[in-house]
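If you're matching them up, the sequences are chains A and B in order. Quick note: the first sequence, position 212, residue 212 per the working numbering, numbers continuous. Quick note: the second sequence, position 227, residue 227 per the working numbering, numbers continuous.
Be careful, since some hints might not be right.
[Stated by the list, open to error] For each label pair, taking beta carbons as the anchor points, the in silico distance ranges come out as:
no., chain 1, residue 1, chain 2, residue 2, range
1, A, Lys115, B, Asp114, 52 to 58 Å
2, B, Asp176, A, Pro197, 22 to 28 Å
3, B, Asp192, A, Phe98, 38 to 44 Å
4, A, Lys115, B, Gly15, 56 to 62 Å
5, B, Val21, A, Arg150, 36 to 42 Å
6, A, Glu196, B, Ser64, 36 to 42 Å
7, B, Ser146, A, Asp170, 20 to 26 Å
8, B, Asp162, A, Pro103, 21 to 27 Å
9, B, Gly44, A, Asp54, 57 to 63 Å
10, B, Asp192, A, Lys115, 33 to 39 Å
11, B, Ala18, A, Glu196, 42 to 48 Å
12, B, Asp176, A, Arg150, 54 to 60 Å
[Stated by the list, open to error] Which chain B residues stay away from chain A? Per the calculated CB distances, all over 12 Å, these:
no., residue
13, Ala18
14, Thr52
15, Arg123
16, Ala204
17, His206
18, Ala210
19, Asp223
In case anyone wonders, no lab produced these hints; they're calculated from the structure. Bear in mind the structure is a predicted one, so any value in this text is a computation, not a measurement. A virtual CB, placed ideally from N, CA and C, is assigned to each residue, including glycine.
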Amino acid sequence: MGAGMSIRQAMLAILERGPMYGYQLRAEFEQRTGETWPLNIGQVYTTLTRLERDGLVEVVGHGGADEGDRAADQAGSDRQHVSYRATEAGRSEVSAWFATPVPRTQPARDELAIKLAIAVTLPGVDVGTIIQRQRSATMASLQDYTRLKRTGRAATPEEPADLAWSLVLDSLVFDAEAEVRWLDHCEARLRRAALEPGRGAVRHESPAVTTAEEPVR
Amino acid sequence: MSAVLHLAAVSRVHGEGATEVHALRDVTFRAHPGELVAVMGPSGSGKSTLLTLAGGLDAPTTGSVWIEGTDLASLDQAGRARMRRTSVGYVFQDFNLIPALTAAENVALPRELDGEKGKVARRLALTALEEVGIAHLADRFPDEMSGGQQQRVAIARAIVGDRRLILADEPTGALDTDTGEEILQLLRARCDAGAAGVMVTHEARHAAWADRVVFLRDGVVVDETGADEPEALLAGEAGR
Chain A
1 MGAGMSIRQA MLAILERGPM YGYQLRAEFE QRTGETWPLN IGQVYTTLTR
51 LERDGLVEVV GHGGADEGDR AADQAGSDRQ HVSYRATEAG RSEVSAWFAT
101 PVPRTQPARD ELAIKLAIAV TLPGVDVGTI IQRQRSATMA SLQDYTRLKR
151 TGRAATPEEP ADLAWSLVLD SLVFDAEAEV RWLDHCEARL RRAALEPGRG
201 AVRHESPAVT TAEEPVR
Chain B
1 MSAVLHLAAV SRVHGEGATE VHALRDVTFR AHPGELVAVM GPSGSGKSTL
51 LTLAGGLDAP TTGSVWIEGT DLASLDQAGR ARMRRTSVGY VFQDFNLIPA
101 LTAAENVALP RELDGEKGKV ARRLALTALE EVGIAHLADR FPDEMSGGQQ
151 QRVAIARAIV GDRRLILADE PTGALDTDTG EEILQLLRAR CDAGAAGVMV
201 THEARHAAWA DRVVFLRDGV VVDETGADEP EALLAGEAGR
């Protein structure tokens, strides 16, 4: 998946602002993205180690760490006192990242699309109920994002990082909205297919889509 | 806290025999003070019928509709009309302002119909216009205002005189995204201030402003999100 890649690029890009410790880097990332994609600190240092290996970042100082501990450089506790900065090669990688569109040729694996794709082909699966449960769950998330958007720092952005967070929330809102629309669309198409036998609807013992008499719960 | 609006086992059947249509089947629904409820469903699911019954514009075939503790069936026509003017505010997709009246006159109209003196009604209208942020447009006519401004006037008309139940039928349907969000902010603020709101919408992003989202299919409530009663939430807060 592309997520690991984008974290690496994002960390490298944030380092353009100046040298940082791993904890600072994580804080800067989360200030812009909320807790949408939480980073554990081990992941941050693993990524920094790889970036260093690839010559994209370099260590600028061992502030706070005792000189004698240098030998134990790979120990996590010591690495926390190491500060990193982007190299020239790192900076050109960041420029290339911003200059290149994120490819959509290989869509991220979408568990919901896969689930429905399988469900509509299996007899005895109540697709209507799957759709309704999903719609309620997605709607509940959409309500949460909307609440975050209209309260807190996203509602009244004071600095660029607040605005960034508000835009990330917008992205989540658009995604969830698109999912609800897609579910509405699937439901309408399945209903139509159920009314017109021979148009691709799976023959079920019970109707494919929940009928009015049967509330979901 | 008792519900401002309570539909108790409500059904509505249009027509008879072969042409019989069940618009709503045995729907029970409540809206409490401080709560904004969104109703979602495809066309023909019964959401407009629900709103019409809630506003006393139509009567259920079976079941009952209660507004602030009064069974609408116990009122005569004049009583229902008064209930609509004093307790219920209606907001429509296409604003429904009277073109020959200014913003302030449109907002004052329900109060004047209710027997309020012209001056008092105008003062109340100006307060309501102030609340929706357009006091400065009080003397404009609808065709001198943008869609968003007209919908603000319509909301002012719906809340004038402290009405506690706001019914909104696709209130953002005729507006662009940003203007729509401003209108939702107003409805939200009104509910946060203690009114009960019921909003019919087919837009998920607008329904997301609600505390609860109710899904209608073929006249039946099939599911809802955030179904916790507000008092249960408050009790949870207190216990923390």
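Unmet hints by their number, sorted upward, for this structure: 2, 4, 8, 11, 12, 16, 17, 18, 19
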